[in-house]
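Enquirer: Model the full assembly from the supplied sequences, consistent with the hints where possible.
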Amino acid sequence: MEMILDVNHQRIKTNGIWIHVAEKGSGPLVLLLHGFPEIWYTWRHQITFLANHGYHVVAPDLRGYGDSDSPISPSSYTFFHVAGDLVGLLDHFGVQQAFVVGIDLGALAAWYLSLLRPDRVKAVIALSVPFSPRFPNLKYLESFKQMFGDDFYICQFQEPGRAERSFSRYNYLTVMKKFLLMTQTDLLIAPPGMEIIDYLTTPSFLQSWITEEELQVFADKFQESGFTGAFNYYRAMDLNWELLAPWQGSKITVPAKLIVGDKDIGFDSGGTREYIKGNIFKNLVPDHEVVIIDGHHFIQQEKHQQVSYEILSFLQKHT
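Last residue of the sequence shown: number 318 in numbering that gives the first Met the number 0, and the count goes up by one each step with no gaps.
Simulated from the structure, these hints should not be mistaken for lab results. Because the structure is a prediction, the values reported are computed rather than measured. You may find that some hints are simply not true.
Unchecked claim - Estimated spans, in silico, between C-beta atoms of each pair:
(1) THR318 with SER72: 35 to 43 Å
(2) ASN282 with LEU137: 28 to 36 Å
(3) ASP261 with THR318: 25 to 33 Å
(4) LYS276 with TRP17: 25 to 33 Å
(5) HIS8 with LEU205: 35 to 43 Å
Cβ coordinates follow ideal geometry from the N, Cα and C atoms, glycine included.
Expert: Written out as structure tokens, the structure reads:
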């Protein structure tokens, strides 16, 4: 719990809203972007490690999460909005470029900031989620339904209030355990007639890389904020698809590194392994390296030491 106190907290006005950040260290700026369902605290190990190695580390709560503002409308949760928030953070700290590191939803935010504003990104590191192409004639939600069916978790998250109601049947600590300690390797698809939160098992014991107290930090923040802001990113996916039309076929031009666990959700069953080794990914992200490690989805926590060194080695290469 000491790590919570060992950072500087502030709320920064950017892009019309207030974004909470935790920061530590001095040197080149590194943004650490969390995923779903997380907050800045997911990077607790990397914040200290990178700060101790000469970097100014800033880990925001993305809009809709933690102590940052949560606009009401799902249409306020596109990656254009998030990119605007992040550019505003760079402006606040007076830097032209930053290293951007993200996992899960935060990996998408990192990829799209690199796509939309490569002039502001020195290099990008994505954990768990590779950059993927936009299908020109098929919106994201329709493609998910065609591939995975209506009970794919992203499809279930679409209807306002539905996932909120199902999640509310559990206490917040149990929800965190169901997601953060998840060990299943198949895609998150519930059986017909079942909500995804009911389908996920509650682990009977904690793994060695996380404590009950650390899980409670996440639970307490979601008890304050609720999950609607987090769900709104998924509800804005098709709007993202429409807005990204001018970037159809555009490539990630900044140096990139992808770190992914070999037991991640869908890594084998969902085709991620083949995709990142194939020509489409290599064409879309020409200047990249891939590191596959022994781990699950939230590898920055589960394998924090190995991931921290992988991040540091890439930063040092491009500093």
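Enquirer: Hints first: check each against the structure and report whether it holds.
Expert: Here's how the hints hold up against the structure:
| no. | hint | verdict |
| --- | --- | --- |
| 1 | THR318 with SER72: 35 to 43 Å | holds (39 Å) |
| 2 | ASN282 with LEU137: 28 to 36 Å | violated (19 Å) |
| 3 | ASP261 with THR318: 25 to 33 Å | holds (29 Å) |
| 4 | LYS276 with TRP17: 25 to 33 Å | violated (42 Å) |
| 5 | HIS8 with LEU205: 35 to 43 Å | violated (27 Å) |
Checked against the numbered hints above, the structure breaks hints 2, 4 and 5 and satisfies the rest.
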